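Trainee: Each chain, letter by letter, is given below.
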Amino acid sequence: MNNKLEVSAIKDGTVIDHIPADSLFKAINILHLDTIGETITFGTNFISKRLGRKAIIKLANIYFKDSDINRIALVAPAAKLNIIKDYKVIEKRIVEVPDEITGIVKCVNPKCITNHEDIVTRFQIIDKEKIQLHCHFCEKITDKEHLNVL
Amino acid sequence: MLFWVNTCTIFNRNKELSHNKEYSMKNKSLVSITDYSKADYLKILEVAADFEQNSYQNLLNGKVIASLFFEPSTRTRLSFESAINRLGGKCIGISDSSTSSVTKGETLYDTIKVVSNYSELIVMRHPLEGSARYASEQSKVPVVNAGDGANQHPTQTLLDLYSIYKTQEKLDNINIFMVGDLKFGRTVHSLLMAMSEFNATFNFISPDELKMPEEYKMHLDKIGLSYNEQRDLDESILGADIVYMTRVQKERFSDLIEYERTKNAYVLKSEMLKGAKENMKVLHPLPRVNEIDLDVDESTHAYYFDQARNGVFVRQAIIALILGLK
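Sequences listed follow chains A and B, in order.
Take the first sequence: its letter number 67 is residue 76 in this note's numbering, and every next letter is one higher.
Take the second sequence: its letter number 47 is residue 100 in this note's numbering, and every next letter is one higher.
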């Protein structure tokens, strides 16, 4: 049986690999890929030794700044980026959980002011391994299990 | 009069300590107790002691302070308004959101933007958590948090510190027992954070459902302070310098049978204080329901009403320091 991924190669752009399968759509939301006009291919539930099931996103002619791509670290901390130029991988990058994150995640606390007024959420990430987010406003912790992407 | 002299002596003794360290509260909002440093705490306590000796000082000289209470409050609001009046200030504001533009759907953002044009400082209580931090970032003038939901109530913590300082003549190495609802009680969380700056020993007494949250115990572990946790309110409190009582509320229990079983287990009675250390004082943020028997009021250990009185001087100190008047 052929184990090769059944998605076509891209000439120029970015491939995001090692996304946990259940985080694919969260990653798409965080990167606002629904608003991009370029060709995007994504697949999920590929077998992965490390993740069990993984997802992959291929973006033609799209390159990310570190600060942008690091936003998906919350839902895909093991994600790897392959930067493609003329069908060749010219650079590999890993994502890094940032120290602070704004406007991506909803605060878990229903009584937080950010859930009642039109306020951009803001969190300090106090545990990068367990993914624990400290709300700048209400000071409550949002953990990985309760992570809701806005 | 002896009392005044004693208070003054304690603070004069510590003046050097606060003068040696940097503190800068001028124009700085007070949202969370951790916004201020240990040196700030000591400066506030020193200035509060000055106000206790001479409470009526016309430092504000007619300046306007806004008092925005979006939910009902008796003690805190009146304590702040008393502090503003004693400083010669004028107080404007709301004491109930049902009589303000909030009922018309005005956002907190708009309210703060407008009110910060009318006043030198805003004192705010709001039912939503994080509202004070948000207001402080939108306001042109400093904001003092008078309680944002179950989150923070830093002026309560500072008056607790002042009460501990006055009764124990020190803040360092205090043996403190916190009793009752340690899970949801914002006062015990903030007091723990503040007292952890002074090498306190902590004892937590609560039902299993209302134990001190892990994050606070982790904080103590991290800085190497010891604590003890137990379920029963027993004779161990006799070794306390401070017993900090809080209310165990019915609505906090998922199991009402458990509430019925425990509701009388965290009631402090005067006979339980026989043999207590002479310096031991019982504090309570108030309002009290039944967790301290009325007969404790007659005891030399009862301090909760004096504690409430201290709040006025501490709030005078906070306002004066933020506005650069002290």
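Derived by calculation from the structure, the hints in this document are not laboratory data.
Computed from a predicted model, the values in this text were never measured in an experiment.
Treat each hint with caution, since some may be false.
What the hints assert, rightly or not - Quick list of in silico lysine-lysine cross-link-like pairs, BS3-like style, CA-CA up to 30 Å:
{"#": "1", "chain 1": "B", "residue 1": "193", "chain 2": "A", "residue 2": "115"}
{"#": "2", "chain 1": "B", "residue 1": "193", "chain 2": "A", "residue 2": "139"}
{"#": "3", "chain 1": "A", "residue 1": "97", "chain 2": "A", "residue 2": "149"}
{"#": "4", "chain 1": "A", "residue 1": "137", "chain 2": "B", "residue 2": "157"}
{"#": "5", "chain 1": "B", "residue 1": "143", "chain 2": "A", "residue 2": "149"}
{"#": "6", "chain 1": "A", "residue 1": "149", "chain 2": "B", "residue 2": "275"}
{"#": "7", "chain 1": "A", "residue 1": "149", "chain 2": "B", "residue 2": "116"}
{"#": "8", "chain 1": "A", "residue 1": "115", "chain 2": "B", "residue 2": "91"}
{"#": "9", "chain 1": "A", "residue 1": "120", "chain 2": "B", "residue 2": "193"}
{"#": "10", "chain 1": "B", "residue 1": "264", "chain 2": "A", "residue 2": "115"}
Trainee: Hints first: check each against the structure and report whether it holds.
Mentor: Status of each hint after checking the structure:
Taken as a hint, the residue 193 of chain B and residue 115 of chain A pair is honoured in the structure, with Cα atoms around 27 Å apart against an allowance of 30 Å. Among the hinted pairs, residue 193 of chain B with residue 139 of chain A is inconsistent with the structure: their alpha-carbon atoms are about 38 Å apart, more than 30 Å. With a C-alpha separation of about 45 Å, the suggested pairing of residue 97 of chain A with residue 149 of chain A is violated against the 30 Å cut-off. For the given pair, residue 137 of chain A sits about 42 Å from residue 157 of chain B by alpha-carbon distance, which is inconsistent with the 30 Å threshold.
For a cut-off of 30 Å, the pair hint linking residue 143 of chain B to residue 149 of chain A is broken: about 35 Å separates their Cα positions. Restraint check for residue 149 of chain A and residue 275 of chain B: satisfied, since their Cα atoms lie roughly 19 Å apart, inside the 30 Å limit. Pair hint residue 149 of chain A plus residue 116 of chain B does not hold up; C-alpha atoms about 36 Å apart against a cutoff of 30 Å. For the given pair, residue 115 of chain A sits about 33 Å from residue 91 of chain B by alpha-carbon distance, which is inconsistent with the 30 Å threshold.
Distance restraint check for residue 120 of chain A and residue 193 of chain B: the Cα-Cα separation of roughly 25 Å lies within the 30 Å cut-off, and the hinted pair is therefore satisfied. Using a Cα cut-off of 30 Å, the hinted pair residue 264 of chain B and residue 115 of chain A holds, with the two alpha carbons roughly 27 Å apart.
Hints 2, 3, 4, 5, 7 and 8 from the earlier list are contradicted by this structure; the remaining hints agree with it.
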